[in-house]
Every structure is written in structure tokens, then in C-alpha cells.
Amino acid sequence: GGGAPIVVQSMTNTDTADIEGTVRQVQALARAGSELVRLTVNTSEAAAAVAPIRERLDRAGVGVPLIGDFHFNGHKLLREHPDCAAALAKYRINPGNVGRGAKRDPQFAEMIEVACRHDKPVRIGVNWGSLDTDLLTR
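Start counting the sequence shown at 1; every next residue gets the next number (our numbering).
Read the hints as simulated data drawn from the structure, not as lab findings.
Treat the hints with care, as some may be off.
Stated by the list, open to error - Below, in silico cross-link-like pairs of lysine to aspartate or glutamate (DMTMM-like), each with a Cα-Cα straight-line distance of 25 Å or less:
| # | residue 1 | residue 2 |
| --- | --- | --- |
| 1 | 120 | 45 |
| 2 | 76 | 119 |
| 3 | 90 | 35 |
| 4 | 120 | 83 |
| 5 | 120 | 80 |
| 6 | 90 | 105 |
| 7 | 120 | 15 |
| 8 | 120 | 105 |
With the sequences and hints as input, model every part of the structure.
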């Protein structure tokens with residue numbers, strides 16, 4: 001928005017813990033024109049794989065930014081895997097991980113603290129499947 005250029009983003013469908021498979025897919029997406037690539041980071045194994053994936057891509061000359069797509073345990077994974085937190089260009093979560101109204105989710109607050117320490121943006125990715133059913137009925 002605001003006159004910013006449109007950017008093509010895609011998401012891998014590999015198991016992020018499969019470093020070689022994920023590197024190959026990110027390279028293919030970058031060659032096809034993807035300017036940002038999202039990776040699912042939902043397990044400790046996936047989080048541990050992110051920094052090696054970034055390193056292999058950098059060695060191959062593929063500088064496409066990697067976005068970590070987190071679920072309910074993102075705060076824990078980022079805390080336990082600081083190399084993952086540093087290697088990602090941005091963190092993405094669903095709105096259900098934020099809290100509602102005046103109620104703030106402490107796990108979301110922890111994720112924001114990690115993002116601030118690593119100077120990373122956080123995207124709250126709203127799509128039909130991620131919206132709370134109570135919110136949809138209003």
C-alpha cells in the first residue's frame with residue numbers, strides 16, 4: 001500500500017527440517033520470481049534448520065528473504081533457537097496468537113520481545129482460515 005511496489009511471495013511445502021529439499025525449493029521459487037519465501041517453523045527440528053538453510057542459500061547467491069510462518073509455539077521456538085530468530089527476515093503469525101480485546105497473549109508478547117531484540121518485523125497474517133469463529137459471527 002501507499003505506493004509501495006507489489007512483491008511476489010510464495011511458501012514452501014517441504015518439511016522445513018529437510019534442509020536440502022527446502023533449499024532446492026526456495027531456489028526454484030526465487031528463479032520463478034518469488035521475492036519473499038515463507039517457511040513453516042512449527043517444530044524444534046524446523047527451527048534448527050532455518051539458519052543452515054539461510055547459509056546454503058547465501059552461499060548459492062540466493063538472497064531472497066525468508067519469513068518464518070509460526071503457529072502456537074513460535075515464542076518458544078524463537079527463544080530456544082536464536083540462530084533461527086536471527087536468520088529470518090520476518091516472523092508471521094495468525095491473529096489467534098495475539099489475544100483479543102484487552103486480553104494480551106503472553107506468548108505473543110514474548111515473540112514481540114524476540115523480534116525487538118533481533119530487529120525483525122512481525123506480520124499478523126489474516127486470512128479466512130485464521131479468523132476466530134466468534135469474530136466471524138459478529
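Here is what the structure says about each hint:
1. 120 - 45: 21 Å, holds
2. 76 - 119: 18 Å, holds
3. 90 - 35: 13 Å, holds
4. 120 - 83: 13 Å, holds
5. 120 - 80: With a Cα-Cα distance of about 17 Å, the restraint between residue 120 and residue 80 holds, given a limit of 25 Å.
6. 90 - 105: Holds - the C-alpha atoms of residue 105 and residue 90 are around 20 Å apart, at most 25 Å.
7. 120 - 15: The hint holds at about 23 Å.
8. 120 - 105: 19 Å, holds
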